[in-house]
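J.: Given only the sequences and the hints, what does the whole structure look like? Please build it.
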Amino acid sequence: MKKHKFNLATFNVNGLRARLHIVLPWLQENDIDCLCLQETKVQDSDFPAGAFSSIGMNLAFKGQKAYNGVAVVSPHDIDNVAYGFGDSMDEPDDPARLLTCRIQGIDIINAYVPQGRAVDHPNFQKKLAWFKRLRTLLETRYQYSLKLVCCGDMNVAPEPIDVYAPEKKLNHVCFHEAVRKAFKDCLGWGLSDCFRLLHPDEPDQYTFYDYRIPRAIERRLGWRIDHILATDALCQNLRECSIDIRPRKMQKPSDHTFLKAEFSLKG
DNA sequence: ATGGTAGTAAAACTA
Numbered sequence: 020m021k022k023h024k025f026n027l028a029t030f031n032v033n034g035l036r037a038r039l040h041i042v043l044p045w046l047q048e049n050d051i052d053c054l055c056l057q058e059t060k061v062q063d064s065d066f067p068a069g070a071f072s073s074i075g076m077n078l079a080f081k082g083q084k085a086y087n088g089v090a091v092v093s094p095h096d097i098d099n100v101a102y103g104f105g106d107s108m109d110e111p112d113d114p115a116r117l118l119t120c121r122i123q124g125i126d127i128i129n130a131y132v133p134q135g136r137a138v139d140h141p142n143f144q145k146k147l148a149w150f151k152r153l154r155t156l157l158e159t160r161y162q163y164s165l166k167l168v169c170c171g172d173m174n175v176a177p178e179p180i181d182v183y184a185p186e187k188k189l190n191h192v193c194f195h196e197a198v199r200k201a202f203k204d205c206l207g208w209g210l211s212d213c214f215r216l217l218h219p220d221e222p223d224q225y226t227f228y229d230y231r232i233p234r235a236i237e238r239r240l241g242w243r244i245d246h247i248l249a250t251d252a253l254c255q256n257l258r259e260c261s262i263d264i265r266p267r268k269m270q271k272p273s274d275h276t277f278l279k280a281e282f283s284l285k286g
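Once you know that position 172 of the first sequence is 191 in the working numbering, the rest is easy, because the numbers rise by one and skip nothing.
These are calculated hints, taken from the structure and not from any lab test. Warning: the hint list may mix true and false statements.
Once the Cα atoms are required to be at most 25 angstroms apart in a straight line, the calculated DSS-like pairs of lysine-lysine come out as [what the hints assert, rightly or not]:
| hint | residue 1 | residue 2 |
| --- | --- | --- |
| 1 | K271 | K84 |
| 2 | K187 | K203 |
| 3 | K24 | K285 |
| 4 | K268 | K285 |
| 5 | K271 | K200 |
| 6 | K200 | K145 |
| 7 | K285 | K21 |
| 8 | K145 | K84 |
| 9 | K203 | K151 |
| 10 | K151 | K188 |
| 11 | K145 | K203 |
| 12 | K203 | K188 |
| 13 | K187 | K22 |
| 14 | K145 | K187 |
| 15 | K188 | K200 |
| 16 | K145 | K188 |
Okay, the calculated beta carbon distance ranges per label pair [stated by the list, open to error]:
| hint | residue 1 | residue 2 | range |
| --- | --- | --- | --- |
| 17 | S72 | E237 | 34 to 44 angstroms |
| 18 | A101 | G207 | 20 to 30 angstroms |
| 19 | L217 | E237 | 23 to 33 angstroms |
| 20 | G69 | A197 | 21 to 31 angstroms |
| 21 | L217 | H23 | 17 to 27 angstroms |
| 22 | A197 | S72 | 40 to 50 angstroms |
| 23 | A85 | E237 | 27 to 37 angstroms |
| 24 | P233 | N99 | 39 to 49 angstroms |
Beta carbons: idealized from backbone N, C-alpha and C, even for Gly.
T.: Rendered as structure tokens:
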């Protein structure tokens, strides 16, 4: 019997090898068709591929020693895998920040957007440019009529509702108006924020809680910076989008959470 | 105004 759902999730693991005790059980408890991981922090030769293949998962991954790194995990074939923008502006970290592929006929873009460091640091300009390059990638390689998901750690809280104390974060690299505009300009190609689509006014819905802030979750001191963005062809069939905070509450917690979306597929 | 924690990998560096 054919499955009529497509379940996708994204998770910034902050060190995959240190989070296998979270990722592997979660995959087995959830009926996931595509899991996008960021900040695997492992070079390809050390990637724990066996742990995934032994539970029937296929993989695509690219990492750097100690930093960055993206991976896609799926029980299905992972087709058309590519890394980086391929736009001749690619720097060494870009292939470890952007993974594109196709699963079950759905185009997937797994992104780990540069954090930016500080608004007056060159990395912030690189972050703004990154969103422009992503828009160009969408324009040149895809059509907005496709079933396409662009997800990952975008390092942007799009609206005041998406961060605690927004009035104090106006000069933060994840909330500055320039980066919010860059994010929106990218979505303007034809992508919608799946979580906000289904939960338009819910405050305190965060995907990231800084380790360094004591009792951040209880105090609701978080950010909604991980996103699942999708084209209309998929959003019309969006059934659910939710934040699973469990990784942030476990032993050896992650500072990020799982963000999950369910799409129904006709035929 | 500053520092708080964590992963990687071997002293800082990024987040």
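J.: Can you give the numbers of the hints that this structure goes against, from lowest to highest?
T.: 4, 5, 13 and 20
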